[in-house]
Amino acid sequence: MIFKLEDVTVYFPYDNIYPEQYSYMLELKRALDAKGHCLLEMPTGTGKTIALLSLITSYALSKPENPIKFIYCTRTVHEMEKTLAELKLLHDYQTRQLGPAAKILAIGLSSRKNLCVNSRVLAAENRDSVDAACRKRIASWVRALAAENPNVETCEFFENYEKAASAAVLPPGVYTLQDLRAFGKQKGWCPYFLARHMIQFANVVVYSYQYLLDPKVAGIISKEMQKESVVVFDEAHNIDNVCIEALSVNVRRQTLEGATRNLNRMNQEIERFKATDAGRLRAEYNRLVEGLALRGNLPITDAWLSNPALPDDILKEAVPGNIRRAEHFLHVLRRLVQYLRGRLETENVEKENPVNFVASINAHAGIDQKALRFCYDRLHSLMLTLEITDTDEFLHIQTICDFATLLATYTRGFSIIIEPFDERMPHIPDPVLQLSCHDASLAIKPVFDRFQSVVITSGTLTPIDLYPRLLNFHPVVSRSFKMSLTRDCICPMVLTRGSDQLPVSTKFDMRSDPGVARNYGKLLVEMVSIVPDGIVCFFVSYSYMDEIIATWNDSGILKEIMQHKLVFIETQDVAETTLALDNYRTACDCGRGAVFFSVARGKVAEGIDFDGHYGRLVIMFGVPFQYTLSKILLARLEYLRDQFQIKEGDFLTFDALRQAAQCVGRVIRSKADYGMMIFADKRYSRHDKRSKLPGWILSHLRDAHLNLSTDMALHIAREFLRKMAQPYDKTGGGSRKTLLSQEDLEKMTNDGSINNMLY
Amino acid sequence: MSSLQVTKRTKYKTSVKDPGSPGALRMNEQKLLFVPDNRNSGTKVVVEFKSIQGHKYTKEGSNKPPLINLSNVQGGSYIFEFDSYADLHVCRDFVSKVLEKSRETSGTASEKAAVTLADEQLSTAEMQLRIKLLQEDSELQKLHQQFVGGNILTEAEFWATRKKLLDTDSCRKSKQRVGFKSVMISDIRPLTDGQTNKVTFSLTPEIILQIFAEKPAVHQAYLNFVPKKMTEMEFWTKYCRAEYLNHTKNVHAVAAEAAEDEELAVFLKEDDILAREVRKKIRRVDPTLDMEADEGDDYTHLPDHGILRDGSKELNKSQNEFYRRTLLQDLNRHAAIVLEGRTVDVEREDNTNAVAEALAHSKQGMEEADGNENKNRADRISRVTPIEDLQPADSLPLAPLSIKDAREYFDSQQVNALKTSRDASARMESRSCNTQEAYASMRNAISEIKENGLSDPIVSSDVAIKHWTTIQELLRHFWSSYPITTPYIFTKVTRLKDAMSNIYPQLEELKESLQSDLRHQVSLLVRPMQQALDAAIQHHDVDMQKRSVKSGEKPNGYT
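First to last, the protein sequences are chains A and B. Counting from 1 along the first sequence, just add 164 to a position and that's the residue number in our numbering. Counting from 1 along the second sequence, just add 214 to a position and that's the residue number in our numbering.
Think of the hints as simulated: they come from the structure by calculation, not from any bench. Be aware that one or more of the hints could be misleading.
Capping the alpha-carbon separation at 25 Å, the derived lysine-lysine pairs in PhoX-like fashion look like this [to be verified]: (1) A:K327 - A:K252; (2) B:K395 - A:K686; (3) B:K495 - B:K442; (4) A:K671 - A:K811; (5) B:K222 - B:K258; (6) B:K395 - A:K723; (7) B:K222 - B:K278; (8) A:K349 - B:K495; (9) A:K911 - A:K168; (10) A:K349 - B:K494; (11) B:K356 - B:K680; (12) A:K856 - A:K671.
Please read these numbers as outputs of a predicted model, since none were measured by experiment.
One chain only, chain A, in its complex shape (with noise of 0.2 Å):
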């Protein structure tokens, strides 16, 4: 449908429209006029997604003449081709339309692992090593050589790539990583670096968070975006979680030692070129001298991993003169690796600030901290001049150079901690230094300092006023939105009671109580002989999940459950759990239904959909709380504390709450599809913690529904699906519409009562 939003001509790829979108998309123009930031929290299962595409492209093709780019960030991979897949419909449907007027280039990037085509460099195992394939077959001193020996191997689509020079472009189109694989396969273009170059001219780019967000990633690939340009942060609630991980770094017994291999090889290949080609290490040495930008005008083949500070932090000064020699750079950073190992042999836990920390190794290693800034720098410099291309084998020296930069160069914000073991294994010694960003506001400033327009956006933003303190900006629009149903189509529970009428919960000290595991194990042996095709179980730990899953083997529930469902889980092999996901729809499309076990804050919670039969129920064993021990909460939750005056219950809680929201809200796509959710704990019963739950679920959570023993869950589940197996009226009738026609947009924009019915 076509239909006009104040100024702009909305070009929708459905017949009709939910009323919440369109108010959406009314509050997302109204934030894009304005140039600023914006806040949106819109229920699950209301097409949040498409209505974010579609209002976005039809602003920049109603406004031609001042084109804004489109920065779309997902969290994952699989989103992303989720996003770009519905981003084609719109595109077939805006095309149809308008004709070739409305063609846009839209792609996905990311990292070579996924869009390498070369079958030699993917034969290599993990992503870092597929990076160093690459490298050793691209940076251009290989390829100097190569050109003299053909005896040298060099990657022929990377080649061709550059031999195609400035004609190697895209058509328009819409570009998912499949479609680059198959074009660059085609042309015998590199996909990858083909897209790095795309996204410069695109209208659309789709990539995750980190290309953004992660100085060290979004240093090489984010640089030259204009600043007309909309950036959308779609799935945001974890975003404070995003940011301050991509500011902390870990050092530990093992990245001392690779980091001692990697100067023992670098000394190695100093004195090599000492002996044969003297002249590289002085050029390196003047260049640093004359305080030459260190990258730059490097070729795009040579570039790594940038800084893992932010840009705006960066010194622009020369290198200082103590580390500008190849081998005095080496003494500091093997006296900074000493110093390291030294602070790691602690018995007890030690937390410092990194003022204190930089005073010290100046203190007992000599290194000042201008030096310690630098080491990034120096490192990668040095790296080039050795030509090095097995770059995955020089990670821990890298980590270590990262740790002292983003230490030497933070004040606040940050504090180091070292601890002996973990806490929940204290048998097994495993000493940690942590240096860690308790601030999410640090790594997100540039991105909201340098684009006009940035949104945040998801299902679960509550309470919405506290991401603009973590976050520390000012939104023109936050809006949350409720959602109107045609029917009651989701059915939220809590569960405080199981089948003998004890209380459930996995609060710590009834968490290994049997009874609650019998319990739990009964709930979902009545619910799986009831529900029909997918049920989804969300435990609050792989570690609870493993126990649970132990002991419904040992008592025999696993047996009756997989006597109606076959049972998958998700494990933390990445692979095996793709696997056990894929094998699970497959269960759910043919017939034979199946149950999915997951962990609330695992990869699977974060992204995966489960709807329409793919998950008819969804079950949340316990409050998904972190480990309140662990000493970098702690220590984050005292920041928070000091900074924004937020306690730590109210956060803990909120943190919780959102996770849990997270993980029961996959189960609904649009109005039409229905599914239940149960909170299973006792605790969600008290106010306190129900109230952190979205408004959404919270107005469909009747008080009847807030003290169930399960027994009446299962008779609550019974009438729902019966209700639910019933036709209906989709555009909800009566005076209260759920779903609109172009007719009846058209009418209520004439008479005005479309700003009535706005939610």
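Put chain B on the given structure of chain A with help from the hints.
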């Protein structure tokens, strides 16, 4: 039926030790009767088969005399000793047949007996199929009882109109392969006898097949080791030992044992073949699910970057990973195998060697089939579900219609077609009707009655439908008998006509049983039935007339 009986010389015993009293045992479908030779000393025994629960007998070749032991419901038993094993076998077969029959029918005994005995040329498979159909469909069973039991139709006639039912059923049965059960049977549990330290594992061919399918390493090991290196027994003993070790969950013990015995280690180690398969399969996964791709894109979590020991992070697993095959992996693997379905028919393959080899073959076949991996990678497509309720309504997918008897479906379609031209039914009464039209009109009326019956509290729809199905069945046979060519059909038609005439008073009764003001509505229900019957009977009468006149020039049904 009662003609079927067996008489044999036997001795009746109250217990095995008892010398017994000689006499004659006579058995028929309903009961068994033992008459002792010596009327004074022996006891006469009369037992209804209904009260017999089970029977036991001695095996030929054992040293015992040929005995049969019938236990009754109350727990008592009757023991007969025969002169020879041949006699015993005759009696045993008879008893088992009768018992089976009485168990199946339980309640509709006579009707079932008719099924099995009326057509002796039927194979047992066909008979069983018929019985199964009757059991599944109570309507059909009622009809069968009414007509075949009431001698209006013969068994063969009844089924002749339902050939399709028999056909489709049997071919469906042969086509569909039974899949694996959802329950994990490969997870064998040790049984302890409680006294010694011995544990027992039991394996069946079915379990072995599943083990092979779920654990390719074990399968591979079997092909390599048996019988060259060890016997099958030794192989499975080793396997069970490995399973037992795994159950103890003592990682160190497992590692120690594996270090000593390399063959045992094969079962304890992680499965290389599985790992390879995973890598291969992951390329075919829907990209919107592919979490491995995330890992390839995640530069925030370079080794030692990001937050390590946060409260939200999980513990790192212990070091001795090598020998830890987890339950979770097994569960996932099991479910995947169940979905893949059975590739080998275990019933056909009794010995393990054959199973192992057949599985290897089928695997090879599969590998060849997906040899071109890159192509597969290119073929995989993302699943995008459009938001269904935002789309125009007509694109909604419909569940395919499942029809047990396709003819019923087409018949009801004809009803719809005829509905528009109701005038045709007037013509039907002028006897230009053919089989189909008459039948169609029946169906039409039925659907009407179904509708009316639901909204009509006076006559329960059940009663109406019962009459309808009866009439429908009769008319179906009636019309399909024309033209009458053989005397057999002639008698059949006569029988049918009589049965139909008997329905009139029943319908009248239905009307009479109600108050007069409601009678009108009921007669609306009944009239179509009467009309359909009228048409049939009129046709019959005309036909009879013609036959008696012997004027064969005019075709059937023309006045």
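Evaluation of the provided hints:
1. Restraint check: the Cα-Cα separation between K327 (chain A) and K252 (chain A) comes to about 30 Å, which exceeds 25 Å; the hinted pair is violated.
2. About 21 Å separates the Cα atoms of K395 (chain B) and K686 (chain A), which keeps this hinted pair within 25 Å; it holds.
3. Our distance criterion of 25 Å between C-alpha atoms is broken by K495 (chain B) and K442 (chain B), whose separation comes to about 33 Å.
4. Of the supplied pair hints, the one linking K671 (chain A) and K811 (chain A) holds, its CA atoms being roughly 21 Å apart against a limit of 25 Å.
5. With a CA separation close to 15 Å, the supplied pair K222 (chain B) and K258 (chain B) stays within the 25 Å bound.
6. Between K395 (chain B) and K723 (chain A), the direct Cα distance comes to roughly 11 Å. Compliance with the 25 Å bound is thereby established for this hinted pair.
7. Between K222 (chain B) and K278 (chain B), the direct Cα distance comes to roughly 19 Å. Compliance with the 25 Å bound is thereby established for this hinted pair.
8. As the CA atoms of K349 (chain A) and K495 (chain B) are separated by approximately 22 Å, the hinted pair is consistent with the 25 Å bound.
9. Our distance criterion of 25 Å between C-alpha atoms is met by K911 (chain A) and K168 (chain A), whose separation comes to about 12 Å.
10. Restraint check for K349 (chain A) and K494 (chain B): the C-alpha separation of about 20 Å stays at or below 25 Å, so the hint holds.
11. For the suggested pair K356 (chain B) and K680 (chain B), the alpha carbons sit about 9 Å apart, so the restraint of at most 25 Å is met.
12. At most 25 Å may separate the alpha-carbon atoms for a hinted pair to count; K856 (chain A) and K671 (chain A) meet this at roughly 18 Å.
Checked against the numbered hints given earlier, this structure breaks hints 1, 3; the rest are met.
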